[in-house]
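Chains U and L are the protein sequences, given in the same order. The working numbering numbers the first residue of the first sequence as 668 and each following residue consecutively. The working numbering numbers the first residue of the second sequence as 668 and each following residue consecutively.
To be clear, the hints were calculated from the coordinates, so they are not data collected in a lab.
One copy or two, it doesn't matter: identical chains are merged, so the pair holds either way.
With a straight-line Cα cutoff of 27 Å, these simulated DSS-like cross-link-like pairs (lysine-lysine) come out: (1) 718 <-> 785; (2) 718 <-> 782; (3) 782 <-> 859; (4) 821 <-> 1104; (5) 1055 <-> 983; (6) 1101 <-> 1084; (7) 1104 <-> 698; (8) 739 <-> 725; (9) 1055 <-> 1093; (10) 782 <-> 739.
Protein chains: 2
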Amino acid sequence: MNKQIVKPSLLPGFMELLPADQIVFNGMMDKIRNVYEKYGFIPMDTPAIEKSEVLLAKGGGETEKQIYRFNKGDSDLSLRFDLTVPLARYVAQHMNELTFPFRRYQIGKVYRGEKSQKGRYREFYQCDIDIIGNEKLSVINDAQLPSIIFSIFKELGLNEFKIHINNRKVISGFFEALGIENKTEVLRIIDKVDKIGVDKVKAELKDNAISYESIEKIAEFISFNGSNEEALAFLKELNITDKSFIEGVEELAKVVHYMEAFGVSLENFIIDLKIARGLDYYTGTVFETTLDKYPEVGSICSGGRYDNLAENYTNKNLPGVGISIGLTRLFSQLKDLGLLKGDNPSTLTEVLVVPVEDTMDYCINIANKLRENNIVTEVYLEEGNVNKKLKYANKLGIANVILVGGEEVNSGLLTFKKFDTGEQFKLSLDEIIKRFK
Amino acid sequence: MNKQIVKPSLLPGFMELLPADQIVFNGMMDKIRNVYEKYGFIPMDTPAIEKSEVLLAKGGGETEKQIYRFNKGDSDLSLRFDLTVPLARYVAQHMNELTFPFRRYQIGKVYRGEKSQKGRYREFYQCDIDIIGNEKLSVINDAQLPSIIFSIFKELGLNEFKIHINNRKVISGFFEALGIENKTEVLRIIDKVDKIGVDKVKAELKDNAISYESIEKIAEFISFNGSNEEALAFLKELNITDKSFIEGVEELAKVVHYMEAFGVSLENFIIDLKIARGLDYYTGTVFETTLDKYPEVGSICSGGRYDNLAENYTNKNLPGVGISIGLTRLFSQLKDLGLLKGDNPSTLTEVLVVPVEDTMDYCINIANKLRENNIVTEVYLEEGNVNKKLKYANKLGIANVILVGGEEVNSGLLTFKKFDTGEQFKLSLDEIIKRFK
Chain U
668 MNKQIVKPSL LPGFMELLPA DQIVFNGMMD KIRNVYEKYG FIPMDTPAIE
718 KSEVLLAKGG GETEKQIYRF NKGDSDLSLR FDLTVPLARY VAQHMNELTF
768 PFRRYQIGKV YRGEKSQKGR YREFYQCDID IIGNEKLSVI NDAQLPSIIF
818 SIFKELGLNE FKIHINNRKV ISGFFEALGI ENKTEVLRII DKVDKIGVDK
868 VKAELKDNAI SYESIEKIAE FISFNGSNEE ALAFLKELNI TDKSFIEGVE
918 ELAKVVHYME AFGVSLENFI IDLKIARGLD YYTGTVFETT LDKYPEVGSI
968 CSGGRYDNLA ENYTNKNLPG VGISIGLTRL FSQLKDLGLL KGDNPSTLTE
1018 VLVVPVEDTM DYCINIANKL RENNIVTEVY LEEGNVNKKL KYANKLGIAN
1068 VILVGGEEVN SGLLTFKKFD TGEQFKLSLD EIIKRFK
Chain L
668 MNKQIVKPSL LPGFMELLPA DQIVFNGMMD KIRNVYEKYG FIPMDTPAIE
718 KSEVLLAKGG GETEKQIYRF NKGDSDLSLR FDLTVPLARY VAQHMNELTF
768 PFRRYQIGKV YRGEKSQKGR YREFYQCDID IIGNEKLSVI NDAQLPSIIF
818 SIFKELGLNE FKIHINNRKV ISGFFEALGI ENKTEVLRII DKVDKIGVDK
868 VKAELKDNAI SYESIEKIAE FISFNGSNEE ALAFLKELNI TDKSFIEGVE
918 ELAKVVHYME AFGVSLENFI IDLKIARGLD YYTGTVFETT LDKYPEVGSI
968 CSGGRYDNLA ENYTNKNLPG VGISIGLTRL FSQLKDLGLL KGDNPSTLTE
1018 VLVVPVEDTM DYCINIANKL RENNIVTEVY LEEGNVNKKL KYANKLGIAN
1068 VILVGGEEVN SGLLTFKKFD TGEQFKLSLD EIIKRFK
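Work out the full structure, taking the sequences as your base and the hints as a guide.
Written out as structure tokens, the structure is:
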């Protein structure tokens, strides 16, 4: 009888990995989590499905079109499209049970029904950290977050990256001083400078009725190139008296000072007056992170300061600062760039114990002892000849095999085979365990 | 201006935790993962959303009504309701890229729009391990999985639990020998014995036109109570010649033998002839796990052997054995039973460094060094008096605080305060680091 076979396949825009890649992916996620935790961030986990009226409380925007929204029974549901909105809801909902500043990390999948294209996923992991204050939050937090990101990228072996820092108050104060009225539109335009270049930005500004003088000043501002000290000096020399501008420059100076204190290397961060993160809700410090050799990849980690996280859910004033690594995208970009080590094993197993005669019980006992010593161990349980069993180890990339026949059982000396070097030894179990320590 | 405030709330049937519980929950998940990995299982992660035609290929059943199913664009989508169907799809889809036996674990959220009731969640974590063979799979694997579960429950500090083992071939061979025709219905009835008792089972069997003699034999069978050896002897003494029965008894004997070899304590597993997992697709070994003192909780970890995992997606024969821990439910049950340690801290932080004068840079530097030594460290970055800062540590349950004023900076001797004992010392940073090792 032939059953009806459904072709096994995934929806477009959804990623899943084969074992070798999955192990690398999980290793990256573990590193991110470990650094977040080493800085004392609290884990948080919220449902992937929430009430649409809650998730979409802010309303409007490009995001809303991408939402996976549906009904079940009487409920209007949506899948979360980021981890920031659930954080806002969580903090407002549990306000009285939390201690502030509330410092949490959350690593989880989010969903956006974007147009399917290379490197864009409809389900992807975000790895967020945020610090939320009750009414107030020191700007030193704004320096701490990129410092944590610095530690993570170092852990991931990415040394040639740069964290770009700016402050929205500086930009908007600068616009204010120029007498620009349609700030949002101008912000949107200069936000594109990395993609379209300064000349096109200037043309677009002209189209928006910005004066020649202002355009030249904006061009000089967003083209500024120099050290952090030089950037701060440049800003001061603009002699702008706008209150927001002065505050922004002070904050920027503090963030630079404390990033150094937190141990970020000077080659890994820079004031960048052209970054604005135009369409986001940031109100102070903003961050982006680029790979030095691959600027075309764009920002691999962004974030910033927001004045009021949960304004849709509470009248309390909850300023915060947050930063997010889009891990699914980062993984796929690093893989495409060839920056992930190739030829990874498809296994976590360190030792495969292989019975070559009727020695299964003995093999299982050896494996138990290896595991007691925290050595990742498998026993080959299937029938077959030794070649078949070694082939299994070889295909997965298991580095070590212990062969156990009657002779090994009698002598207590096991045949220990190292796949990488091809070496083979006769060793007692204790000697083998010592080799792993 | 008053903004429109949306009341922050979750959908019924969705769980989220406050920090102290979340930390305990994650600790349990880490333990499960670590044991799975120590046995060399490969991590796997599949999308939460799949094509409905794929996820529902099997069709029918109670589950289908519970599915979160919706359209997006032209696509008919469903949220996964378990991790077994995605595993079947994954293995069939990537057949040629995988090495068999394929041993994977997967920890992830699944979705079932069940009627909302206490202890039942619509989004919950499952922690699955399965071993899939290509055409064949040794029954020793059936013994390995409950042994891994044994290790996990020991790690979780649950010592008084019992893994119940049976074999579907034994049951169906027994029915065959009795000449019972509507086996599925009888299976469904005896599956309820723990809930309704033997007398009601007998009554229901009678309603289903089972003969008096057969009912008595079935009652004796499902009421059997004795050691594993006694159970195997009991089965042999039935003198049933049905091939499936004999095979089942042999398998059961092997599973018992190898569970001992894998190190499972005799008080933690038992042959239990009444468990059938009636409505599932199991064909051989079946497992359930109960807490000795809380039988009313039911099975906290179940699984079994299936002949053909991916029959809806491929004509290849892929026998497997799997077991699953429903972590969300387990956590909530253990919490309700008071079996989780209470009064847990709401933090992972081991040390809070507190500037008591203008010593922020110094404090940050100390924190950097503590983290370099893998000590989870936070600096209190906000303004305020010492009491406010200590209150923060106290509320979160941070055990240690380092106070740094001008005096400490000058002398290099820091004030190290232990919250649990109230002790306070003057120590150098090196001495503090040593205390944590």
